[in-house]
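Enquirer: Chain order of the listed sequences is A and B.
According to the numbering used here, the first sequence is numbered sequentially starting from 5.
According to the numbering used here, the second sequence is numbered sequentially starting from 558.
These aren't lab readings, by the way, just hints derived from the structure by calculation.
Treat the hints with caution; some may be incorrect.
[To be verified] Once the Cα atoms are required to be at most 35 angstroms apart in a straight line, the calculated DSBU-like pairs of lysine-lysine come out as:
{"id": "1", "chain 1": "A", "residue 1": "K288", "chain 2": "B", "residue 2": "K600"}
{"id": "2", "chain 1": "B", "residue 1": "K600", "chain 2": "A", "residue 2": "K81"}
{"id": "3", "chain 1": "A", "residue 1": "K32", "chain 2": "A", "residue 2": "K415"}
{"id": "4", "chain 1": "A", "residue 1": "K605", "chain 2": "A", "residue 2": "K575"}
{"id": "5", "chain 1": "B", "residue 1": "K600", "chain 2": "A", "residue 2": "K667"}
{"id": "6", "chain 1": "A", "residue 1": "K579", "chain 2": "A", "residue 2": "K507"}
{"id": "7", "chain 1": "A", "residue 1": "K22", "chain 2": "A", "residue 2": "K605"}
{"id": "8", "chain 1": "A", "residue 1": "K171", "chain 2": "A", "residue 2": "K366"}
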Amino acid sequence: MTTVGHRPLDGFEDNDQKPIGHGRMLRKEDPRFIRGMGRYCDDVQLPGMLHMAVLRSPVAHARIVSIDTSAAEAHPKVKAVVTGAALAEKGLAWMPTLSGDVQAVLATDKVRFQGQEVAFVVAEDRYAARDALELIDVEYDVLEPVIDVRKALDPAAPVIRDDLEGKQNNHCFDWETGDAEATEAVFASADVVVSEDIVYPRVHPAPMETCGCVADYDRVEGRLTLWSTSQAPHAHRTLYAIVAGLPEHKIRVISPDLGGGFGGKVPIYPGYVCAIVGSIVTGKPVKWMEDRSENLTSTGFARDYIMRGEIAATRDGRILAVRTNVLADHGAFNGVAAPVKYPAGFFGVFTGSYDLQAAYCKMTAVFTNKAPGGVAYACSFRITEAVYLIERIVDCLAYELQMDPIELRIKNFIQPDQFPYRTQTGWVYDSGDYEPTMRKAMEIAGYDELREEQARRRAQGELMGIGVSFFTEAVGAGPRKDMDILGLGMADGCELRVHPTGKAVVRLSVQSQGQGHETTFAQIVAEEIGIPPADIDVVHGDTDQTPFGLGTYGSRSTPVSGAAAALVARKVRDKARLIASGMLEVSVADLEWEKGSFHVKGDPAKCVTIQDIAMRAHGAGDLPEGVEGGLEAQICYNPENLTYPHGAYICVVDIDPGTAQVKVRRFIAVDDCGTRINPMIIEGQVHGGLTDGVGMALMEMIAFDEDGNCLGGSLMDYLIPTSLEVPDWETGFTVTPSPHHPIGAKGVGESATVGSPPAIVNAVLDALKPFGIRHADMPLTPSRVWDAMRGVPRPPI
Amino acid sequence: MQVPAPVEYERATSVDHAIGLLERLGSSARIIAGGHSLLPMMKLRLAGPEYLIDINDLHGELGYIRIEPGRVRIGAMTRHRELLESDELAEAFPIFRDAERVIADPVVRNRGTLGGSLCQADPSEDLSAVCTTLGASCVIRGRDGERVVTMEQFHRGPYETAVGDAEMLVEIRVPVRPGGSSAYEKVERRAGDWAIVSAGAAVWMEGDVIADARVGLAAVGPNTTGIPGVSEAVRGRRPSEELYQRAGDLAARNCRPATDMRGSADYKRHLAEELTKRALRRSVARINERV
Ligand SMILES: Cc1cc2nc3c(=O)[nH]c(=O)nc-3n(C[C@H](O)[C@H](O)[C@H](O)COP(=O)(O)OP(=O)(O)OC[C@H]3O[C@@H](n4cnc5c(N)ncnc54)[C@H](O)[C@@H]3O)c2cc1C
Numbered sequence: 005m006t007t008v009g010h011r012p013l014d015g016f017e018d019n020d021q022k023p024i025g026h027g028r029m030l031r032k033e034d035p036r037f038i039r040g041m042g043r044y045c046d047d048v049q050l051p052g053m054l055h056m057a058v059l060r061s062p063v064a065h066a067r068i069v070s071i072d073t074s075a076a077e078a079h080p081k082v083k084a085v086v087t088g089a090a091l092a093e094k095g096l097a098w099m100p101t102l103s104g105d106v107q108a109v110l111a112t113d114k115v116r117f118q119g120q121e122v123a124f125v126v127a128e129d130r131y132a133a134r135d136a137l138e139l140i141d142v143e144y145d146v147l148e149p150v151i152d153v154r155k156a157l158d159p160a161a162p163v164i165r166d167d168l169e170g171k172q173n174n175h176c177f178d179w180e181t182g183d184a185e186a187t188e189a190v191f192a193s194a195d196v197v198v199s200e201d202i203v204y205p206r207v208h209p210a211p212m213e214t215c216g217c218v219a220d221y222d223r224v225e226g227r228l229t230l231w232s233t234s235q236a237p238h239a240h241r242t243l244y245a246i247v248a249g250l251p252e253h254k255i256r257v258i259s260p261d262l263g264g265g266f267g268g269k270v271p272i273y274p275g276y277v278c279a280i281v282g283s284i285v286t287g288k289p290v291k292w293m294e295d296r297s298e299n300l301t302s303t304g305f306a307r308d309y310i311m312r313g314e315i316a317a318t319r320d321g322r323i324l325a326v327r328t329n330v331l332a333d334h335g336a337f338n339g340v341a342a343p344v345k346y347p348a349g350f351f352g353v354f355t356g357s358y359d360l361q362a363a364y365c366k367m368t369a370v371f372t373n374k375a376p377g378g379v380a381y382a383c384s385f386r387i388t389e390a391v392y393l394i395e396r397i398v399d400c401l402a403y404e405l406q407m408d409p410i411e412l413r414i415k416n417f418i419q420p421d422q423f424p425y426r427t428q429t430g431w432v433y434d435s436g437d438y439e440p441t442m443r444k445a446m447e448i449a450g451y452d453e454l455r456e457e458q459a460r461r462r463a464q465g466e467l468m469g470i471g472v473s474f475f476t477e478a479v480g481a482g483p484r485k486d487m488d489i490l491g492l493g494m495a496d497g498c499e500l501r502v503h504p505t506g507k508a509v510v511r512l513s514v515q516s517q518g519q520g521h522e523t524t525f526a527q528i529v530a531e532e533i534g535i536p537p538a539d540i541d542v543v544h545g546d547t548d549q550t551p552f553g554l555g556t557y558g559s560r561s562t563p564v565s566g567a568a569a570a571l572v573a574r575k576v577r578d579k580a581r582l583i584a585s586g587m588l589e590v591s592v593a594d595l596e597w598e599k600g601s602f603h604v605k606g607d608p609a610k611c612v613t614i615q616d617i618a619m620r621a622h623g624a625g626d627l628p629e630g631v632e633g634g635l636e637a638q639i640c641y642n643p644e645n646l647t648y649p650h651g652a653y654i655c656v657v658d659i660d661p662g663t664a665q666v667k668v669r670r671f672i673a674v675d676d677c678g679t680r681i682n683p684m685i686i687e688g689q690v691h692g693g694l695t696d697g698v699g700m701a702l703m704e705m706i707a708f709d710e711d712g713n714c715l716g717g718s719l720m721d722y723l724i725p726t727s728l729e730v731p732d733w734e735t736g737f738t739v740t741p742s743p744h745h746p747i748g749a750k751g752v753g754e755s756a757t758v759g760s761p762p763a764i765v766n767a768v769l770d771a772l773k774p775f776g777i778r779h780a781d782m783p784l785t786p787s788r789v790w791d792a793m794r795g796v797p798r799p800p801i
Numbered sequence: 558m559q560v561p562a563p564v565e566y567e568r569a570t571s572v573d574h575a576i577g578l579l580e581r582l583g584s585s586a587r588i589i590a591g592g593h594s595l596l597p598m599m600k601l602r603l604a605g606p607e608y609l610i611d612i613n614d615l616h617g618e619l620g621y622i623r624i625e626p627g628r629v630r631i632g633a634m635t636r637h638r639e640l641l642e643s644d645e646l647a648e649a650f651p652i653f654r655d656a657e658r659v660i661a662d663p664v665v666r667n668r669g670t671l672g673g674s675l676c677q678a679d680p681s682e683d684l685s686a687v688c689t690t691l692g693a694s695c696v697i698r699g700r701d702g703e704r705v706v707t708m709e710q711f712h713r714g715p716y717e718t719a720v721g722d723a724e725m726l727v728e729i730r731v732p733v734r735p736g737g738s739s740a741y742e743k744v745e746r747r748a749g750d751w752a753i754v755s756a757g758a759a760v761w762m763e764g765d766v767i768a769d770a771r772v773g774l775a776a777v778g779p780n781t782t783g784i785p786g787v788s789e790a791v792r793g794r795r796p797s798e799e800l801y802q803r804a805g806d807l808a809a810r811n812c813r814p815a816t817d818m819r820g821s822a823d824y825k826r827h828l829a830e831e832l833t834k835r836a837l838r839r840s841v842a843r844i845n846e847r848v
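Construct all of the structure, not just a fragment, from the sequences and the given hints.
Expert: See the structure below:
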C-alpha cells in the first residue's frame, strides 16, 4: 500500500507534536548543540595531555632518501618525533585498509601522494608540535607521478605500488557484473543505441569537523582509551586490536559528538594510529586534530569514476538494456569503505528503476599518485555514481528520441506487481511503487505549466531548464551471509533496559554524526512500548557501553539498528505482557496492548501501565512462574535483505545567457523511505543532501595539477554551497513500507545526495538544448557551462 | 585548526607610532588591519612575519568617509561594512555598494578594511578594481610626510605595492565630477568567492553624450586593470548598445587572463566583455534615472 502526501512550504508550526512514538518532534540533542554544549573530540581535555602534528609529503611521488629529525627533537617543547623507520621496528609502518589493501601509516620507502604522512611530532602544545615539523629535514628523490588516470595502465607508467611483491603496473582490480553476452545480443538488435562518456569527478565529504582523536594509553593497566571521530567505533576497536596487537577487551573507543561524517569517518586514518603510538611512547594522552587542509587533501575522497554509458531501446522508448565500462581512480592505496565482496560498492544497481532485459558493467580500477579513499560520501556505497549514470543516460536517450524525459521514465518503471524484483545484475528490490511518487513530484512542480513557461521563455532567448531524476537506492547493509567489513558481519546489536520508575535506556551500536539518532531511536522504542521519547535515553558511540555493531554509513542505521531497536522493544513488551498477566490475574491471551498499557480484553478499566509493570519487575512482589526480575532485553539483528527507498526529483534552473551562471530556481524532492519515523528529521536529511547535490553538480571537485599537487586544499578552493546557492526546498513523500523491516522503514540519509546531482545536471542540459548539446560533465561552473554553450563541453579530467 | 608560527605583537596607538615601529623593526614587521588576508596566509605559513603591528586601534584616526567638494576621502581603516552601509558614499559612487555586496561574507566585511584590501594587491581584489575605475589616488605616509600616487603607480605587480618598508597607506582620494554614476559587476562561482572576473564602470554625461568613462577589471591580469582605450572610444558619443559592445570588445582585447580553477582564459575574456557592457549600461541607466 502506498500513501502519498507533501508538506506545504510554510507549515513548520507543528514540528513538535510530542508524539509517544513516530511523528514530528524537535530533536532531543539540539539544546546542547544550539547552546554550544556539544562535546566533540577537540573538546576532550585530559591532565598532562600532549599534542601531535603530522609531517606530510609536499610532493606526489618520491623516494625518501633520508630524514633528519635531530633539530625537531632538540625543540624544548617536543616530547617525541617518530618516523616510518621507527614504526617499522614495531611492525606498525603499514596497516590494512578496509578493502584488503595495505596503506602506509608513515611512509618508509616512498611517498605516494601529496599530503601523505611522513613523520609525526608530539609536543607540549599544538603550536610547538606544528613548529617542530619545520625542523624535520626530509630529502626526497622526486619520481614521475601518475596523475592522469587514463594513462595509469600505460606500460611505461611508473609503478606506484612497488611495495606489493611482484607488482609491475598500476592495476588495482577488475570487476564485472551482469551478463556481457546477453547484453551484447540486445544491443545488436536494438532500434536505438545511445552512448555517452560521463565523468563523476573526485569530491570530498568535507565535514565541518575534521578528523582527529585523543589517545590515552594506560601503561600500568595496558588499557587504551581512544576518543575519535569515528562513524564505526566497534569496527574500529576490532581493527585496532588486529593492527596494534592490543587485546580487544583493553581497548575502549569513544566516538563523542561528531560534526558530520558523510562517510569520511569510516576508515581508520594513519593519524589515529600515530596518536596511539604517540601515547604509548610518551605515556601521556595525545591529541591530534587535523587542520582543514589536511582533511581535504589526505582523508578519504569519493567518486572519481570515468564511465562510458550505453543504453539500448526501441524507437518508441522501451528501454531494453544498459551497459557501462568504468575506469575507477582509487588513488595510491585502495581505501574503499564497502562490504568486502563489493569492491565497487553497490554500483551494481546502475540498472536504476527500470525493467530491463539485460545489463552489464565492466570496471577497471587503478592506482594513481593521489590520496586514497573511495569512501561512501553520502552515496550508499557508490549508488550515487550508479544513479547518476543511469539518470543521465536515460536523459540522453530522451534527447535522441525527442521524448519527454518523465514520460520515458514512467514507460519503463518496474511495476508494483513485479516486486520483489530481481534486477539483471542480481539485486532483489524489496518493494516499490514508482509512478505515484513521480506523479506527486510533477504535481508539486506544476510540471505541465513549467514546460509551457519554458517554451515561452525559449522563444525570447532565455535559458530555462527542467531536470528530472528518479532513483532507487539499496541501503541497510546488510545480510551477514553476503556482507562483511574485514570479516565483521554487518549485523547490529541493541540493548534496552527499563528502569524501576519506567524510564528507559536504549544502547545502540551505531553512532550519529548529525542524523538525530538520540531522537529517532527514542521514538522507535516509544512507538513499541509506549514510554515517551523524553523518558528514553539513547546511549551510543562508546564501545564499553554499547553492544557490538558496524556503525553508521550507507544509510544503514534505521534499516539495521532501527530494526534492532524495534525488535528489542518488542522483546521487552513480551516480557511485560507476562508480568502484566500476573498483575491482572488473567491469562496472557486475555490481555490487550494499547500503546503504553495492557488491559483485560473487554474491560479497559482493568489495566496496568508499562511504568507499573517496570516497578513490579524490579519490586518485591511475586512474578509469574519462570519470569526473571528486571525488564530488559538484548538482540542482534541480521537483516534479511537491504531496503530500497526511492524518490522522484525535479529541478528548475535558469542560466544567464551572458555569463553562463546557473541559478537553481526550484527543487522538488518526493522521497519514499517507507515508514516515516520523524518526518522533520527526514526533511532535514533531505535538505542537507540536496544542498550537497547542488555542490557536486555545480561547484565541487578535488582537482590536481600535472605534478599531483592537490588544487582543492582549502574551502576557498574546494567550494561547498551556501544558503545563497540553494532554493527553498519543496519536499513531498510517498510511503511504500519495506516488507521485511519490522516497522517498514527504509534508509533516507543519503537519498538526496544520490538523487539530486542528476536532476540538476539534467536541468542544466535541458536549458542548453537550444545549443544542440546532449551532455556536459560536473561541476557545471560558469566557465564549463560557457564551454558547453559554445558546443565544446570538456570533461573535467 | 591551522596555527601560525610564533610572532611578536604590538598595538599601535597612532599612525606615527605605527610608522616608528615599522622603521625600527624593518622588513620583518607587518601591519595587521582586518587580518582577513594576512592571518590566513600566516596560518598556511605562506607568510611568516616576526612582528605584527596591529592598527585596529587607529580606526578612530583612519576610519572615515568624507564627502568634500570635488573629492571623497576614505581612511585606510574604513571597514568593508562601513563602505557598504554609507548612504552618502552610495549616492556619490554607487559602485562601492555594488562591490561590497559581493565581497566575501558579513564576517569578513565586519573586519576587513579598504587599506588592507588595496595593500594586499591581489589581482582579484574588488576594491582595487573599484578604485582603479574611479581614478582614485592613494596617500602613503612615512616618517618624512605624505606622498600621493595613482592606482597605476600603487600596484606594482601581484601582491606588490608602492608602500615602502616604513610606510603605510592612510587614505584613498576619489575625484568627484558632475553628471556621473558608476556600477560594478562580478561573476563568482559561489557567494563569497573571489571574482572569476569583475568589471567596474564609471560614466560622466554632458547632456546626452558621454563626457568621460572609465572601466576597471579584476582577475584578468597581474593587477586590477584600467582600460584606457575604453575612455577614448566612448568619449563624446551617445550611449548605445553598439557603443557598449565596442567598449566590451576593447576590454576583452586588452586584458590578460589566465586559465585556473575559476575558469578558462577564453571564458574570462568573454566575461571582461560581457561585464564591461553591463557595468557601462547600468552606470548610464543610473544617470538617466537621476534626471
Ligand atoms: C573568506 C574570504 C573571502 C574573501 N572574499 C573577497 C572577495 O570576494 N573580494 C575581495 O576583494 N576580497 C575578498 N577577501 C579579502 C578581504 O576583503 C580582506 O579583508 C582584504 O583583502 C584585506 O583587508 P584586511 O583589512 O583584512 O587586511 P589584512 O589582512 O590585515 O592585511 C592585508 C595586507 O595589507 C597590509 N596592510 C593592511 N593595512 C595596511 C595599511 N594601512 N598600510 C599598509 N599596509 C597595510 C598588511 O600588512 C597585509 O600585508 C576575502 C577574504 C576572506 C577571508
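Enquirer: Would you check the hint for K605(A) and K575(A), treating anything up to 35 angstroms between C-alpha atoms as holding?
Expert: 21 angstroms, holds
Enquirer: For the pair supplied as a hint, K600(B) and K667(A), confirm whether the alpha-carbon distance does not exceed 35 angstroms.
Expert: Measuring from Cα to Cα gives roughly 34 angstroms; hence the hint holds.
Enquirer: Are K579(A) and K507(A) close enough, with their CA atoms no more than 35 angstroms apart?
Expert: 16 angstroms, holds
Enquirer: For the pair we were handed, K288(A) and K600(B), check the Cα-Cα distance against 35 angstroms.
Expert: 27 angstroms, holds
Enquirer: Tell me if the straight-line CA distance from K171(A) to K366(A) falls inside 35 angstroms.
Expert: 22 angstroms, holds
Enquirer: Taking 35 angstroms as the top limit, are the C-alpha atoms of K600(B) and K81(A) close enough?
Expert: 20 angstroms, holds
Enquirer: For K22(A) and K605(A), compute the direct alpha-carbon distance and say whether it is at most 35 angstroms.
Expert: Between K22(A) and K605(A) the Cα gap is close to 28 angstroms, so the pair holds against 35 angstroms.
Enquirer: Would you mind confirming whether the straight-line C-alpha gap from K32(A) to K415(A) stays at or under 35 angstroms?
Expert: 44 angstroms, violated
Hint 3 from the list above is the single one not met by this structure.
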